[in-house]
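Q: Numbering (the numbering used here), first residue to last: 1 to 319.
Hints should not be assumed to be uniformly reliable.
[To be verified] Cross-link-like lysine-lysine pairs, in silico, DSSO-like; alpha carbons within 27 Å at most:
1. K292 to K153
2. K81 to K300
3. K286 to K202
4. K180 to K277
5. K180 to K202
6. K14 to K43
7. K66 to K314
8. K314 to K292
Calculated from the structure, these hints are not laboratory results.
All values derive from a computational prediction rather than experimental measurement.
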Amino acid sequence: MALIMRQRLLIGGKILHKISEAELVSGRREPHSQLTIRLPKMKGYDSKAFKKGDLVRWWAWYEGYKESLEFEGKIVSISPKMPLEIVCRDGMYDLQLKTVNFHINKMTVASLVNRCVVGEVISKIDPAIANELVGDDLAAGRRVAFVLRRLAKYGIDAFFRNNFLVVQNPTRISAPTKKKVFQLGHNVIKDNLSTRESRPVKVKLRSYNIDTGRMQETTYTESGGEELIFDLDSISYSELKKRAEEIYHEIAGTGLVGEFETFGAPSVQHSEIITFKDPDDELRSKDIFVDKVVKTWSAKNATFRQVIHPAVVKFKDAV
1 MALIMRQRLL IGGKILHKIS EAELVSGRRE PHSQLTIRLP KMKGYDSKAF
51 KKGDLVRWWA WYEGYKESLE FEGKIVSISP KMPLEIVCRD GMYDLQLKTV
101 NFHINKMTVA SLVNRCVVGE VISKIDPAIA NELVGDDLAA GRRVAFVLRR
151 LAKYGIDAFF RNNFLVVQNP TRISAPTKKK VFQLGHNVIK DNLSTRESRP
201 VKVKLRSYNI DTGRMQETTY TESGGEELIF DLDSISYSEL KKRAEEIYHE
251 IAGTGLVGEF ETFGAPSVQH SEIITFKDPD DELRSKDIFV DKVVKTWSAK
301 NATFRQVIHP AVVKFKDAV
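Based on the sequences and whatever the hints tell you, model everything.
A: So this is what it looks like as structure tokens:
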């Protein structure tokens, strides 16, 4: 059965049903989600019709499938000549321009995030990490996006999803009951995934407590080997032990690495847990945590594709 592509682009109140190409790049390590749209040469599709700061929403789907809102953000640049190329970024870009007006010192995740975005953004903070202490000591004047990105030291991701600022630790979330499934020979077009075997390392994590003047440390390993040392100040010993295990699995744990290409549906976003199946290789058939997604939509080539990059993350109930 042929898959009939559909898309709808909303820019500043104008709905565009015709585009030439779109590319959407989003990921846990990306500074923001970025949508690049190329428009055909048509009447009304000139640089005067759109302006920087215009609200942008983009839906893309196949006929017969549910419409999927793939992107929400603002225009940051417009090419001066036709055919137009419009670059859009999500809410993280705005936070790169906003500065923190308070001194950061031993705050909980919830208080830090909410003070950074007060009155401008609605945050959705995982209750499992809301009361964890962040040991950073930073003077006022830092960019909000910089402060949020530093949460990654503590294993915490911050990103926009459906216009909410989501803050979570991927190792503390559970897979959905009904996961999206991608199977070789069915809906996987190209596959460049390989199984990363665990390697023999020991992760030593040290933390200096400025109040007591003492250094505490913990080590995590599953097979011994070379010792790797990391420092993360002003967190409790229980959190230190959790973070050491998280770092170990991130850099040395077993999992799928690489990428695979699939059709545009079902739509996948980074930080989702999905299922990859290889009927000929049981070791490659498992639930995976999505690290990055690159989506492309082309009218000329009649293609709507997703390239999905997994991350080695030991989320809840991961096998």
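Q: All hints, please: hold or fail.
A: Hint check:
1. K292 to K153: holds, 19 Å
2. K81 to K300: holds, 20 Å
3. K286 to K202: Distance of about 26 Å is within 27 Å: holds.
4. K180 to K277: holds, 11 Å
5. K180 to K202: The given pair, whose Cα atoms are some 34 Å apart, is violated under the 27 Å limit.
6. K14 to K43: Status holds; Cα separation ~14 Å.
7. K66 to K314: violated, 31 Å
8. K314 to K292: Holds - the C-alpha atoms of K292 and K314 are around 16 Å apart, at most 27 Å.
The structure fails hints 5 and 7 (numbered hints given earlier, in ascending order).
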